[in-house]
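Protein chains: 2
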Amino acid sequence: MEAREYIDQNAPGFFTAVAEWLAIPSISADPDRGGDVRRSAEFLAGQLRAAGFPVAEVWETGTDADRGLPAVYAEWPAADPAAPVALVYGHHDVQPVDPLEEWDSPPFEPVQRDGLLFGRGASDDKGQVFFHLLGVRANLAVSGKQAPPVTLKVLVEGEEESGSLHFADLLRAQRERLRCDVIVVTDTGMWAADVPSMCVGMRGVVDAQVDVRGPDFDLHSGSFGGGVPNPLHAMAALLAGLHDADGRVALPGFYDKVRPLSDAERQLIGRLPFDQKAWLAEAGNSGAAAGEAGYSSLERVWTRPTAEVNGMWGGHTGPGGKTIIPAQAHAKLSFRLVADQEPAEVIEGLRQYVRRAVPPGIEATVVSDGQGVRPSFSPVDNPAVAAGRRALQRAFGQEVLFTREGGSGPEADLAEILAAPLVFIGVGLDADRVHAPNERVSTTLLLKGAEAAAYLWDELAATAAELTAGR
Amino acid sequence: MEAREYIDQNAPGFFTAVAEWLAIPSISADPDRGGDVRRSAEFLAGQLRAAGFPVAEVWETGTDADRGLPAVYAEWPAADPAAPVALVYGHHDVQPVDPLEEWDSPPFEPVQRDGLLFGRGASDDKGQVFFHLLGVRANLAVSGKQAPPVTLKVLVEGEEESGSLHFADLLRAQRERLRCDVIVVTDTGMWAADVPSMCVGMRGVVDAQVDVRGPDFDLHSGSFGGGVPNPLHAMAALLAGLHDADGRVALPGFYDKVRPLSDAERQLIGRLPFDQKAWLAEAGNSGAAAGEAGYSSLERVWTRPTAEVNGMWGGHTGPGGKTIIPAQAHAKLSFRLVADQEPAEVIEGLRQYVRRAVPPGIEATVVSDGQGVRPSFSPVDNPAVAAGRRALQRAFGQEVLFTREGGSGPEADLAEILAAPLVFIGVGLDADRVHAPNERVSTTLLLKGAEAAAYLWDELAATAAELTAGR
Numbered sequence: 001m002e003a004r005e006y007i008d009q010n011a012p013g014f015f016t017a018v019a020e021w022l023a024i025p026s027i028s029a030d031p032d033r034g035g036d037v038r039r040s041a042e043f044l045a046g047q048l049r050a051a052g053f054p055v056a057e058v059w060e061t062g063t064d065a066d067r068g069l070p071a072v073y074a075e076w077p078a079a080d081p082a083a084p085v086a087l088v089y090g091h092h093d094v095q096p097v098d099p100l101e102e103w104d105s106p107p108f109e110p111v112q113r114d115g116l117l118f119g120r121g122a123s124d125d126k127g128q129v130f131f132h133l134l135g136v137r138a139n140l141a142v143s144g145k146q147a148p149p150v151t152l153k154v155l156v157e158g159e160e161e162s163g164s165l166h167f168a169d170l171l172r173a174q175r176e177r178l179r180c181d182v183i184v185v186t187d188t189g190m191w192a193a194d195v196p197s198m199c200v201g202m203r204g205v206v207d208a209q210v211d212v213r214g215p216d217f218d219l220h221s222g223s224f225g226g227g228v229p230n231p232l233h234a235m236a237a238l239l240a241g242l243h244d245a246d247g248r249v250a251l252p253g254f255y256d257k258v259r260p261l262s263d264a265e266r267q268l269i270g271r272l273p274f275d276q277k278a279w280l281a282e283a284g285n286s287g288a289a290a291g292e293a294g295y296s297s298l299e300r301v302w303t304r305p306t307a308e309v310n311g312m313w314g315g316h317t318g319p320g321g322k323t324i325i326p327a328q329a330h331a332k333l334s335f336r337l338v339a340d341q342e343p344a345e346v347i348e349g350l351r352q353y354v355r356r357a358v359p360p361g362i363e364a365t366v367v368s369d370g371q372g373v374r375p376s377f378s379p380v381d382n383p384a385v386a387a388g389r390r391a392l393q394r395a396f397g398q399e400v401l402f403t404r405e406g407g408s409g410p411e412a413d414l415a416e417i418l419a420a421p422l423v424f425i426g427v428g429l430d431a432d433r434v435h436a437p438n439e440r441v442s443t444t445l446l447l448k449g450a451e452a453a454a455y456l457w458d459e460l461a462a463t464a465a466e467l468t469a470g471r
Numbered sequence: 472m473e474a475r476e477y478i479d480q481n482a483p484g485f486f487t488a489v490a491e492w493l494a495i496p497s498i499s500a501d502p503d504r505g506g507d508v509r510r511s512a513e514f515l516a517g518q519l520r521a522a523g524f525p526v527a528e529v530w531e532t533g534t535d536a537d538r539g540l541p542a543v544y545a546e547w548p549a550a551d552p553a554a555p556v557a558l559v560y561g562h563h564d565v566q567p568v569d570p571l572e573e574w575d576s577p578p579f580e581p582v583q584r585d586g587l588l589f590g591r592g593a594s595d596d597k598g599q600v601f602f603h604l605l606g607v608r609a610n611l612a613v614s615g616k617q618a619p620p621v622t623l624k625v626l627v628e629g630e631e632e633s634g635s636l637h638f639a640d641l642l643r644a645q646r647e648r649l650r651c652d653v654i655v656v657t658d659t660g661m662w663a664a665d666v667p668s669m670c671v672g673m674r675g676v677v678d679a680q681v682d683v684r685g686p687d688f689d690l691h692s693g694s695f696g697g698g699v700p701n702p703l704h705a706m707a708a709l710l711a712g713l714h715d716a717d718g719r720v721a722l723p724g725f726y727d728k729v730r731p732l733s734d735a736e737r738q739l740i741g742r743l744p745f746d747q748k749a750w751l752a753e754a755g756n757s758g759a760a761a762g763e764a765g766y767s768s769l770e771r772v773w774t775r776p777t778a779e780v781n782g783m784w785g786g787h788t789g790p791g792g793k794t795i796i797p798a799q800a801h802a803k804l805s806f807r808l809v810a811d812q813e814p815a816e817v818i819e820g821l822r823q824y825v826r827r828a829v830p831p832g833i834e835a836t837v838v839s840d841g842q843g844v845r846p847s848f849s850p851v852d853n854p855a856v857a858a859g860r861r862a863l864q865r866a867f868g869q870e871v872l873f874t875r876e877g878g879s880g881p882e883a884d885l886a887e888i889l890a891a892p893l894v895f896i897g898v899g900l901d902a903d904r905v906h907a908p909n910e911r912v913s914t915t916l917l918l919k920g921a922e923a924a925a926y927l928w929d930e931l932a933a934t935a936a937e938l939t940a941g942r
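Chains as they are written, first to last, in the numbering used here: chain P, 1 to 471; chain Z, 472 to 942.
No lab work stands behind these hints, which were simulated from the structure alone.
Computed from a predicted structure; not experimentally measured.
Fair warning: there could be bad hints in the mix.
Said to hold, decoys possible - In silico SDA-like links for lysine to any residue, alpha-carbon gap of 25 Å or less: (1) 748/Z with 257/P; (2) 277/P with 728/Z; (3) 257/P with 359/P; (4) 277/P with 753/Z; (5) 793/Z with 407/P; (6) 793/Z with 322/P; (7) 793/Z with 405/P; (8) 322/P with 830/Z; (9) 277/P with 756/Z; (10) 322/P with 756/Z; (11) 793/Z with 169/P; (12) 748/Z with 407/P; (13) 793/Z with 359/P.
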């Protein structure tokens with residue numbers, strides 16, 4: 001039997017089970033829905049056991065003093081103990097549903113219409129997580145074996161939509177049980193229904209606050225204006241100097257460790273049908289593209305690091321005028337990072353820059369823990385990425401392109417704490433209206449996801465040597 | 472009889488009357504002291520009549536809907552109707568007295584100690600206003616005449632310490648009665664007890680708010696950071712570009728009308744014993760002097776125009792980080808102006824500058840009424856200034872130097888609405904602790920002020936032709 005055939009035959013049962021799960025309003029941001037999030041976890045654990053996972057548990061998160069929402073963990077060992085270990089990541093909590101009146105059908109009464117499954121969580125992320133259950137069954141139906149060709153671990157958290165507050169601690173606490181050779185993230189999307197793609201990287205981030213101090217107190221600008229340094233002028237110059245005329249970040253050493261965009265990836269990004277006008281409209285009707293010279297918009301937000309001023313303030317900000325030289329000025333900065341930048345080194349560069357940038361009579365301090373989130377990146381020729389791409393290409397019957405994400409969620413913690421490469425297998429679309437009313441997912445794409453998942457374990461098993469080389 | 476002799480003889484009575492006036496707590500900023508401010512006005516009007524002024528009135532200010540505190544007006548016509556008309560300006564309200572516990576003696580129980588008269592208003596401005604009453608009597612004692620050699624008008628307001636809110640309206644309403652050829656301002660100080668000086672100019676001011684807009688709403692910096700313009704970056708560059716590397720203001724046409732500092736005045740300013748270190752300490756312990764290249768600190772704050780950022784804000788300014796590209800950024804600017812800059816022209820220059828400074832995709836607006844306060848300036852060789860200087864030199868028996876003020880109070884309104892030159896005759900000192908506990912004034916200097924005032928009317932009468940040429 002072929003995987004596709006198995007999936008088609010079992011699609012009705014799949015959608016029935018997904019609908020049952022989607023009916024549970026597991027809104028993690030709503031304190032009144034804690035019971036529903038738990039019910040959702042228990043439902044999933046039961047379904048994983050029913051799918052054949054010998055181990056499927058509900059994991060508590062947080063501490064007694066700071067209780068979190070439950071995650072689900074499942075495990076299905078390969079027959080060969082030396083087989084690669086793959087960890088699937090997703091989440092079972094969902095976004096709030098306001099404004100409720102804009103939903104065409106109730107968010108927790110899932111319905112299919114015109115090839116779309118509507119309901120909160122249909123795309124983000126229950127529908128997608130669930131295709132793995134169908135996928136692994138299809139894999140076994142094809143192989144006729146009792147266990148998948150790689151050891152499968154599944155970790156589905158319950159707090160992703162409310163900041164994954166206890167997730168990193170959970171990863172650290174359970175590092176041994178979660179040990180794996182590759183992390184399969186199923187919580188992202190593709191470029192378009194007819195342009196299947198996979199993500200190969202996420203930018204990291206580190207932030208800092210810059211505090212600039214001049215006189216001990218606000219001065220009268222009549223008495224002293226033009227004669228002593230103004231902290232707001234110093235701050236403006238400091239912030240203006242963060243970028244050079246080419247839009248490059250002017251911190252010392254900022255680009256030293258940046259891995260150049262490979263020609264191969266650049267070519268593949270260039271083949272994505274990108275509508276700049278639509279993208280700018282999505283960007284709050286931004287009036288123009290801008291950024292580092294020599295890069296396209298997608299290259300800029302996916303593959304290049306940034307310095308961004310997120311906030312600044314100082315002096316008189318209330319109604320009317322006040323002719324002062326203010327005592328202080330402040331700015332909040334964040335830097336999006338790409339491989340292989342180190343957050344702490346970027347902050348050290350900022351400190352050096354600030355030291356040089358402030359004029360005599362002005363003191364500046366940089367406040368940052370220098371920790372941030374490391375960038376995550378798998379080169380397009382990474383064996384796990386190549387295996388994932390082959391699985392997707394088999395399911396879609398066409399070439400799969402590559403994308404990246406401009407920011408990181410818990411994926412960066414996964415990659416860093418578990419020290420394994422990320423492979424993104426997701427079939428969501430921008431059109432899915434995740435986080436918005438009338439969330440939907442293409443039923444066809446969900447089944448394509450299941451099919452790709454069915455192939456994925458074989459493809460990963462076929463690259464066992466490369467995947468386990470780093471053990 | 473000589474003026475000095477008359478003044479010495481009448482000093483005890485002078486100080487008795489001053490003390491009686493100082494005992495009235497005419498705090499204009501305190502709504503509960505409205506009756507005291509009125510009592511102070513009536514006391515002064517009575518004293519002016521007693522000194523010989525044929526007219527001395529209490530003037531109401533404001534409107535029925537917005538009642539102000541009373542001013543005092545007095546008039547003493549010269550025998551010759553063609554004689555110059557001099558208007559003396561001062562104020563009879565005082566600053567609040569907090570912190571009361573830091574006063575060595577109660578603020579409204581004036582006492583003399585070690586050649587100093589202590590009490591709220593001793594220097595600012597009751598003590599100084601009152602020396603004019605002694606001065607004009609001394610003038611008449613010397614001349615033996617019944618009227619002063621110039622027509623004397625006196626206007627003493629009651630709201631100077633709370634912003635002179637109704638003063639400009641009063642000037643406009645009473646423009647005819649206040650008509651004059653010269654305005655003698657007695658509300659300022661001298662460089663030092665042994666360095667008598669007079670002020671010859673005050674900087675004007677005009678302000679504006681700059682609003683910068685990018686996307687319609689705050690954007691996620693992971694999704695769009697590095698790809699669209701950030702309003703905070705645009706604002707920082709705009710503010711940083713307000714000054715060139717020499718500290719000059721980079722608005723188009725900004726210096727076109729600036730009257731250069733004359734060699735004569737520059738030389739006289741250079742002769743003031745200026746302690747840069749003490750000045751920086753006074754400037755909130757500013758760490759360094761700064762400003763336009765080619766000018767000393769005093770020249771910068773007295774004689775050169777500025778662009779000052781008084782406040783700026785945008786994006787996330789609360790605790791913690793928020794990785795956004797904010798939708799907007801704002802700044803409040805003010806410009807200190809010197810003769811012969813026009814506030815509206817400076818704002819027009821700002822508008823041009825902002826139009827050129829914002830990058831594609833960013834919109835900026837400048838909000839300003841363009842009105843502001845014109846600079847006031849009398850060249851050191853102005854006949855009225857020269858007359859005032861001669862009067863001071865006769866009183867002090869030494870050369871009198873020149874200063875300016877970096878900002879303007881109601882003096883700019885006086886000069887502009889009454890269209891007459893300003894001559895500053897004041898004997899306050901920086902050490903007088905005006906606006907602070909233990910305000911005091913040198914009794915010797917108050918009598919010197921009276922003596923200068925006694926000479927002033929003769930000196931002005933001697934330059935009648937020049938003073939009245941513009942009528």
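Going down the list of hints, with the structure as the test:
The suggested pairing of residue 748/Z with residue 257/P is violated, with an alpha-carbon distance near 46 Å, which exceeds 25 Å. This hinted pair does not check out: residue 277/P and residue 728/Z have alpha carbons roughly 46 Å apart, beyond 25 Å. Proximity of residue 257/P to residue 359/P is assessed by CA-CA distance (about 29 Å); at most 25 Å being required, the pair is judged violated. With a C-alpha separation of about 55 Å, the suggested pairing of residue 277/P with residue 753/Z is violated against the 25 Å cut-off.
Restraint check for residue 793/Z and residue 407/P: the C-alpha separation of about 13 Å stays at or below 25 Å, so the hint holds. Proposed proximity of residue 793/Z and residue 322/P is contradicted: the alpha carbons are some 29 Å apart, above 25 Å. Restraint check for residue 793/Z and residue 405/P: the C-alpha separation of about 18 Å stays at or below 25 Å, so the hint holds. As the CA atoms of residue 322/P and residue 830/Z are separated by approximately 28 Å, the hinted pair breaks the 25 Å bound.
Pair hint residue 277/P plus residue 756/Z does not hold up; C-alpha atoms about 52 Å apart against a cutoff of 25 Å. Under the criterion of a C-alpha separation no larger than 25 Å, the hint pairing residue 322/P with residue 756/Z is consistent with the structure, at around 21 Å. For the hint linking residue 793/Z to residue 169/P, the alpha-carbon distance of about 22 Å falls within 25 Å, and the restraint holds. A distance of roughly 50 Å separates the Cα atoms of residue 748/Z and residue 407/P; the hinted pair therefore is violated under the 25 Å criterion.
A distance of roughly 28 Å separates the Cα atoms of residue 793/Z and residue 359/P; the hinted pair therefore is violated under the 25 Å criterion.
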